[in-house]
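Chains A and B, in that order, give the protein sequences. First residue of the first sequence? That's 375 in the working numbering, and the numbers climb one at a time after it. First residue of the second sequence? That's 8 in the working numbering, and the numbers climb one at a time after it.
If you are wondering where the hints come from, they were derived from the structure by calculation, not from laboratory data. Treat the hints with caution; some may be incorrect.
[To be verified] EDC-like cross-link-like pairs, simulated, lysine to aspartate or glutamate; straight-line CA separation at most 20 Å:
1. Lys-407(A) - Glu-476(A)
2. Lys-161(B) - Glu-308(B)
3. Lys-161(B) - Glu-112(B)
4. Lys-161(B) - Asp-494(A)
5. Lys-407(A) - Glu-482(A)
6. Lys-161(B) - Asp-490(A)
7. Lys-161(B) - Asp-108(B)
8. Lys-161(B) - Glu-476(A)
9. Lys-437(B) - Glu-308(B)
10. Lys-407(A) - Glu-485(A)
11. Lys-407(A) - Glu-483(A)
12. Lys-161(B) - Asp-493(A)
[Claimed, not checked] From the structure, some residues in chain A lie toward chain B, with a derived Cβ separation under 10 Å:
13. Ile-436
14. Ala-462
15. Ile-474
16. Asp-490
Note that CB positions come from ideal geometry on N, CA and C, so glycine has one too.
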Amino acid sequence: MMTFIAGHISYWLIICLMMVGLYTLMSCSNLLKKIAGLSVFQTGAILFYVSLGKIDGGTIPIIAEGYSLYSNPLPQVLMLTAIVVGVATTALGFALIVRIREAYSSIEEDEIITMDRQDD
Amino acid sequence: MTEHISVLLIIIPLIAAPLMVIVNNTRFSWLVSLAVTAVCTYLSFVLMTDIQGGSEVHYAMGGWAPPWGIAYLIDPLNALVTFIVCLIALTTMIFARKSVDREIEAHAAPLFYAAFLLCFLGLVGICLTGDIFNMFVFLEISSLASYALIGMGKNRRALTASFHYLILGTLGATFFLLGIGMLLAATGTLNMQDLTGLLPAIENRPLLHTAFALIVVGLALKAAIFPLHLWLPNAYTYAPSTVSIFLSATSTKVALYALIRCLYDVFSFDYMLDSWLPQALLFIGTVAVIYGSWLAIGQNEVKKMLAYSSVAQIGYIVIGIGLLSDDGLRASLLHIFNHALMKGMLFMVAGVLVYRLNSTHYQSISGMGKRMPITFGAFIIGALSLIGVPGTVGFVSKWNLAQAALAQQQWMVVVVLLVGSLMAVIYCWKLIEVLYFQPASKSRISKVEQGGDSVARMPVGMIIAMWGLALLCIFFGFNTEMTLQGAQIAVDALYSARGITP
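Assemble the whole structure, with the sequences as input and the hints as a guide.
Listed below in structure tokens is the structure:
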């Protein structure tokens, strides 16, 4: 049992990280904190990919004499794209928050919902 | 030539979008978007007819042979969906000019068209690509563009709707990404054709089942399948009219295509049969039909009613997928095409209402039926099609779905089809009654900036786009051969690629 946990320690940490992100996302009514939670959640997915490519004792994937074991570079390359997507999402989320604050003068979700109810 | 079309469809809008930002002129941007969508529609039509003629396109991006490079694989299924997306984009652009002038602030209009083309490009990319990670990237391109587009709505609720969609959409995409990661861990490839070949030999079933679950949930969020539809009603209601038209007709459909591709093509049928997914999809679909229709009845705003009706119509498509037969899948594909036509058209009617009356509330449009015969004539055709009256496209797909359900003796589904249609009668009738049998309310009309106390004139572009789709609704309602054959060829190709004779 212990070897199962210790052997997959990176995955356990990633799961914890993602759950932290998801919980922040769901529990906070502050929109900025929601975006923060979302970023943590996405980071979990990115770390998951990066840890897939890691090989014990492997070196960076550049062919050189004396090395025969290399880490897999593909997941990391993929994650460059995913990081860009994550940055774009976060930036767009912040831009929306700025405009929400201009329109509602609040960034608390519960207050915004009350204001929307009053409009009806 | 056909080979290069597949990549041209992506490159043309990709070049046009930044060009529009640089030139920064509204009229220019509109003309360019119109030209780009028109060219893409033509190209995708050529592509579709070529592919349906029996050829298959493999395009290796940058000359890197798959599975190392990104490959575009076009078969009848994605050729059909691509054509739908392009066609709807073209009609939306014909419709858009005046509507955008009215609803989007002048300084943001060129950016609006640029974002529109990016969204369009993302959706086409999802359809064309044969690489599952590339699919994720295009999914995010189209989603990011659509968050921005929805946020441009005039009502401040558009901002919260867009934010809500951003959170849920990103969650869905991240689930999808995790699923892809697990597939990569299991097989070491991202090419979908490669995955199809490698997956059956994989011993580690729990890993694959997890990947399967994550991919299905992620895509279901994007496709707004009940109960993951919560972002949809507000996003469609408060988005600018042009955006509502385009997104309602294409974005959920493309996500459903991605789901079909992953369920039927990447994973084999065993995974579906092993799991309880088919039953779950049938159940979810039936609940979606009833729930969406029920809420649509309760609405008193045209756009919101249409949005909830979309939730119900997505339910029909999901039922077709869940039937797990070639007939069911064919009905789903038909409904993807037909629903894109009719929902696009109905949202155009809502767009005309916003343009001419500045409101889509039932109160403020009461008694307008006789004063706006062209608009509401189109609405009635769309409503009949939603209900599924023979002679409209809605009937064709519902009839096929009913037949597929009967073939498997799924009586429940048949009953739900009937009940859903009856409920569609109720929510459409509710609006028709407001339009034709209630006294006209003149008070609201005066709020329109142009046209004094009479309704504003209707721009020609709107009439052409709206009636173009309305006539297509009737045309494909009578001439079922073309769409049925297209869907049948797509299903056959999907089955034969897996070595199964339907």
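Next pair to validate is Lys-161(B) with Glu-112(B); report whether the Cα-Cα distance is within 20 Å. Cα-Cα ~9 Å, so holds.
Given hint Glu-308(B) paired with Lys-437(B) - CA-CA distance at most 20 Å: The hint holds at about 11 Å.
Check the hint pairing Lys-161(B) with Asp-493(A) against an upper bound of 20 Å on the C-alpha distance. 15 Å, holds
Return the status of the interface hint for Ile-474(A): holds when the least beta-carbon distance to chain B is below 10 Å, violated otherwise. 5 Å, holds
Is the straight-line distance between the alpha-carbon of Lys-161(B) and that of Glu-476(A) 20 Å or less? 13 Å, holds
Checking one constraint from the list: CA of Lys-161(B) to CA of Asp-494(A), max 20 Å. Satisfied? 16 Å, holds
Can the restraint linking Lys-407(A) and Glu-476(A) be considered satisfied, given a maximum Cα separation of 20 Å? 18 Å, holds
Against chain B, is Asp-490(A) within 10 Å by beta-carbon distance? 6 Å, holds
Do the numbers back the hint for Ile-436(A), that is, is its least Cβ distance to chain B under 10 Å? 18 Å, violated
Given the hint that Lys-407(A) pairs with Glu-482(A), test it: the Cα-Cα distance must not exceed 20 Å. 10 Å, holds
Is the hinted pair Lys-407(A) and Glu-483(A) satisfied, with a Cα-Cα distance of at most 20 Å? Judged against 20 Å, a Cα distance of about 11 Å means the pair holds.
Proposed proximity, Asp-108(B) with Lys-161(B) (alpha carbon, max 20 Å): Holds: Lys-161(B) and Asp-108(B) sit about 12 Å apart, inside 20 Å.
Hint 13 from the earlier list is the only one contradicted by this structure; the remaining hints agree with it.
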